[in-house]
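Novice: Each chain, written out:
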Amino acid sequence: MSLKNINVKVLAQIKIIVFLLALIPLTQLAIGAYFDGLGANPIEKITRTTGYWALTFLLITLTVTPLRRFTGWQWLMRLRRMLGLFAFFYASLHFLTYVVLDQFFDWESITHDIIKRPYITVGFPAFVLLIPLAITSNNRLIKLLGGKKWLSLHRLVYIIAIAGVVHYWWLVKKDITNPLTFAVLLALLLSIRLGYWLRSLSRQWGVS
Amino acid sequence: MKLHIPTIPSSEITPKELFYNRRNFMQLAAGATMMSLLPQSVFAGDKLPNVKKADETPTDKLTSFKDITSYNNFYEFGTSKESPAENAGSLKTRPWTISVEGEVKKPKVYDIEELLKLAPLEERIYRLRCVEAWSMVIPWVGYPLAELLKLVEPTSKAKFVEFISLEDHDQMPGQKSATLEWPYREGLRIDEAMHPLTLLTVGLYGEVLPNQNGAPIRLVVPWKYGFKSAKSIVKIRLLENQPTTSWMKAGPAEYGFYSNVNPAVDHPRWTQAKERRIGEFLKRPTLPFNGYEDQVAHLYSGMDLIKNF
Chain H
768 MSLKNINVKV LAQIKIIVFL LALIPLTQLA IGAYFDGLGA NPIEKITRTT GYWALTFLLI
828 TLTVTPLRRF TGWQWLMRLR RMLGLFAFFY ASLHFLTYVV LDQFFDWESI THDIIKRPYI
888 TVGFPAFVLL IPLAITSNNR LIKLLGGKKW LSLHRLVYII AIAGVVHYWW LVKKDITNPL
948 TFAVLLALLL SIRLGYWLRS LSRQWGVS
Chain L
3 MKLHIPTIPS SEITPKELFY NRRNFMQLAA GATMMSLLPQ SVFAGDKLPN VKKADETPTD
63 KLTSFKDITS YNNFYEFGTS KESPAENAGS LKTRPWTISV EGEVKKPKVY DIEELLKLAP
123 LEERIYRLRC VEAWSMVIPW VGYPLAELLK LVEPTSKAKF VEFISLEDHD QMPGQKSATL
183 EWPYREGLRI DEAMHPLTLL TVGLYGEVLP NQNGAPIRLV VPWKYGFKSA KSIVKIRLLE
243 NQPTTSWMKA GPAEYGFYSN VNPAVDHPRW TQAKERRIGE FLKRPTLPFN GYEDQVAHLY
303 SGMDLIKNF
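These protein sequences, in sequence, are chains H and L.
Okay, so the first sequence: first residue is 768 according to my numbering, each after it adds one.
Okay, so the second sequence: first residue is 3 according to my numbering, each after it adds one.
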């Protein structure tokens, strides 16, 4: 069977597998929390893990288009919405962990953080901007908005991803290995898109 | 007379391998005897003898031994909190010496066994406040650093004390990456170093210091952020001028020489007003000088503690 064209049944199975795989980090956290296996500072562990996976799913989502164009596997596009929603899911858990477990609804302290702590100043809007993208990730709203509007709204994801990586970079104390890895991958994914854009631009100009 | 030939059940016959290995066994046994002649408290987990218990019952609940020994910042063994406990097994704590030198009348290289007996060991229950806004309560075992410093007789030029940790890229795999400048360097002003709270530490919970906590000998300065308390010390230098510490080099805007615990002076990137005590859910307010204000505030009278962060 060619991977270029897969039938609906296989796609449905792939979707289920991806869905279950995407739940592994959450399952691990839940098991850890239940069996007291999250270490001496469980709140920090939950915050770090959910943040890490939010960023990871964001980058995986951004990999779909280049990978589809490279391989010609059109069906990859059918996974993109789910992957994007998982990015939102882990980002929401990350945000909720901060508000509930870390700060315990200390709104004054949270406001103070958002204004004064650069990594939160950049991380908070990144999460807020994810919300409209998540809300409009269904067929009804795509139709309602129209393809063009929907597309330009969802281009926000580039800014969100950059903000997310900067957020990570600014919070680590010294060892920047992880944020640097994210930054390099994101730069790669964005430059591929820049390449697409420049090519389409030159094609337009070349014709006229 | 009937000759009785004893029959030996096959289970009692020494297997050939063991028979031929008895020489190894004897050597091992001899070795074990030698080991028992050595001072008892050498390895993590061994009880330290003759430790004077802390006088007062602590007001703060002690952090568990498990948390103290599994959640560490010790970049020589990696930057995650778990990596010191995972990797510090490669640290060899014997033989070990500390060279005390610089502006002193009697410089000397001290052997660890000598250091262990230099002054009576006592338990000190201290709060530990990390610059990352978490804290623990730890029953250390040691004696005031002043006991050692007095012996080497600092000269009148000795204004600062520098502490240098071990650099050995094989024993300390985290040193293979240049996270910080190695060896790790820390420093105190001489009056801070001579302060009775400043503890030269060889144990915790009555036992020999586990490797991940800075074995075999470390400093504990309870009114300063944790990174000021150098671990696995091999050299102590008395100096006329203020030394530049590893963290000052790594982030001069974020880590100052003094680094006293101060809720009023935030880290440029996060607040120091509150802390999470390991094992607790809600954050608690951070106290000036980590709650040791009465004992140490006079050291800094007239100093601008915002400028001298």
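Just so you know, the hints here were simulated from the structure itself, not pulled from any lab data.
Among the clues, some could well be false.
Claimed, not checked - Below are the PhoX-like pairs computed for lysine-lysine, each with C-alpha atoms no more than 25 Å apart in a straight line: (1) L:K159 <-> H:K940; (2) L:K54 <-> H:K940; (3) H:K812 <-> L:K276; (4) H:K940 <-> L:K107; (5) L:K178 <-> H:K883; (6) H:K941 <-> L:K119; (7) L:K251 <-> H:K941; (8) H:K940 <-> L:K83; (9) H:K941 <-> L:K108.
Novice: State for each hint whether it applies.
Specialist: Hints versus structure:
{"no.": "1", "hint": "L:K159 <-> H:K940", "in the structure": "35 Å, violated"}
{"no.": "2", "hint": "L:K54 <-> H:K940", "in the structure": "38 Å, violated"}
{"no.": "3", "hint": "H:K812 <-> L:K276", "in the structure": "19 Å, holds"}
{"no.": "4", "hint": "H:K940 <-> L:K107", "in the structure": "40 Å, violated"}
{"no.": "5", "hint": "L:K178 <-> H:K883", "in the structure": "35 Å, violated"}
{"no.": "6", "hint": "H:K941 <-> L:K119", "in the structure": "38 Å, violated"}
{"no.": "7", "hint": "L:K251 <-> H:K941", "in the structure": "12 Å, holds"}
{"no.": "8", "hint": "H:K940 <-> L:K83", "in the structure": "12 Å, holds"}
{"no.": "9", "hint": "H:K941 <-> L:K108", "in the structure": "38 Å, violated"}
Checked against the numbered hints listed earlier, the structure breaks hints 1, 2, 4, 5, 6, 9; every other hint is satisfied.
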